[in-house]
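Engineer: Next come the chains, spelled out residue by residue.
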Amino acid sequence: MHDVAERQLTFAEAIRESLDQAMEKDSRVIVIGEGVPDPKAIFNTTAGLCQKYGARRVFDMPLSENGLTGACIGAALSGIRPVMIHQRIDFALLAMDQLVNNAAKWHYMFNGKASVPMVVRMIVGRGWGQGPQHSQSLQAMFAMVPGLKVVMPTTAHDAKGMMIAAIEDDNPVLFIEHRWLHHVSDNVPDYYYRVPIGQARTLHEGSDVTVAAFSYMAFEALIAAKSMSMEMGIGLDVIDMRTVRPLDVESVLTSVRKTGRLIVADTAFRTGSIAGELISQVVEQAFSFLKAPPVRIASPDFPTPTSPFMAEDYYPGPQTIADAALDLMGKTKEADGYRRMSAVLVRKGPHDAPNREFSGPF
Amino acid sequence: MHDQTKRSLFSAMLRIRRVEEALATRYAEQMMRCPMHLCIGQEAIAVGVCAALRKEDKVFSNHRAHGHYLAKGGDLSAMVAELYGRVTGCCGGRGGSMHLVDLDVGFMGATPIVGGTVPLAVGSAWAASLKGTPDVTVSFLGDGCFEEGVVHESLNFSALHRLPIIFVCENNDFSVYTRRDERQPNRPIYRIAEAHGMPAVAADGNDVEMVSSLVRTAVENARNGRGPQFLEFDAYRWREHCGPDFDDHLKYRSVQEIESGMNNCPIDRYRKVLLQSGCLDQQACTGIEAQIRKEVSAAFEFALASSKPTIKDAWEKVYA
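Chains as they are written, first to last, in my numbering: chain B, 1 to 362; chain X, 1001 to 1320.
Every clue listed holds true.
Straight-line alpha carbon distances no greater than 20 Å define the calculated EDC-like cross-link-like pairs of lysine to aspartate or glutamate that follow:
id, chain 1, residue 1, chain 2, residue 2
1, X, K1006, X, D1268
2, B, K113, B, D170
3, B, K113, X, D1313
4, X, K1131, B, D26
5, B, K113, X, E1056
6, B, K333, B, E231
7, X, K1131, B, D60
8, X, K1131, B, E168
9, B, K113, X, E1316
10, X, K1272, X, E1209
11, B, K113, X, D1104
12, X, K1317, B, E168
13, B, K113, X, D1075
14, B, K40, B, E13
15, X, K1131, B, E24
16, X, K1317, B, D170
17, B, K226, B, D323
18, X, K1294, X, D1075
For the record, the hints were derived by calculation from the structure and aren't laboratory data.
Next comes chain B alone, as it looks inside the complex (with noise of 0.2 Å):
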């Protein structure tokens, strides 16, 4: 799909490449964090940034998540583009009440007299133990709110185009990152350029069932379609959602009307998550072209747990996407190739680590 001359960067610094271009690009933007100028730089993803525009341009912050989502709320209000980076989104629910009840209704509640450009990013931890407070998924708790957007990219390319979409938006962007995603690598121009926000991507063609993901699940999912197709001859079409609000409903009905089965994978808990508002727009709309109920696939309903012995089993995975598809398509593990691709899929370093066998291009 790429030219393999095509220079590749890893997520991580595609976010880096794309902070780097919208404060060269726009001087009203800026950066603030806790430990946005500091040796490890967010996961390097802000390296270089104050020594390239200063300290009036790239801020470290007190431990103030609300009063300074406020603040750059304010900042936003009068012509500034703060971009404000948690390096856990678990941190940014002590900023609900500046997000819910400020960035997310300034415009709408003054009559669209002022907005509120500014992205927030949120880092979603997972593994070595990062245990109740520093690996949840809370996307579905911000989608829920009107007049917030917020967007999940996946692959390193999307992440430069989304965030530079997302710096020149004129409303709250919330940039929600995947940790493990960090070091995969895309095809990734070196020029300013955008991926428009609401608009999700095929990342893997196939017309047997569909395969709806969010970040890291989309990931997941690529992994899953690839055995599934090579040992099984069945076609996961997967669709990165890249956006939870504004969902990319018709992405999906397109693909559903084809396929007729669906799974959505969410890296977030099952109960309120967004997958299950995904698969009820589905049926309110495709219900007919349905050959089976849809599968929800989700993180369970109890926190993470730390020990890596608990945690072993917690987050499903390529198998737990490629049983779901057999199912819906009412096979049974004995199916021909079943063994083939579960041998690939078996994970061969450890489970509370990133996955280095593939690591892109998309």
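With chain B held as given, fit chain X onto it using these hints.
Structural biologist: Relative to the frame of chain B, chain X by itself:
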């Protein structure tokens, strides 16, 4: 202070009083269908503060915002229309009394989450500092705000970056019906700001000239790079926390206390001073009253003649 300035301070306070009295009277008709928090008795702070500001200076406010909005120059007709939920309201009917805005005069917005706009005001001052513009920002906040974490976060950040902001605390001692001594330890509020590293003073909020002169100094300091400034003013809320009425019958405060609060009326006090000094005479007073009465009734007529929005309007402007 010039006589003309003094007369302006007086008529600005009186105008707010008469507007709110008219709102209170007509509230019973049940056509203003939104919660309303009157600032009757607290007018000197709004007027004294805003008199020390330029048009391009910014103000953020809270649920008790009528006085702040009018003192900063907010459009009266658009405010009344907003309370009546009309399309000509300053928010097109989306906000009501607790959400006022008039960007043309630097009134950036008022919202009713306690402490909610305080960090926004800090952000506005931060923007001025980053852009190098000369405007300052005022944050109006009440005594209840000092129980909210976000306010301490805001004070900290504004001091850290020496932002051009003036925090104006209107201490009326009550959070709804709960006194401050049931909510906070016995320590002066302004000392909290001092501990955050900014100059802070406390003064009588019923003396409009004193308010204005203290704020003028604070504004000059903030505008000249000397960082955030903090002012605490005593105030007394005459009427119920929310709504048009007096609430003496609830007996959460004594009759003596209410009487003493009302005897300290900032408008009566100032009228007496101006009459004594000859800056104002009875005829001028009557003239001011008549002019205000005319303006107020025109604002109500405008509001009531304005068209009503529909649910179709409500679907719009969710996103910019």
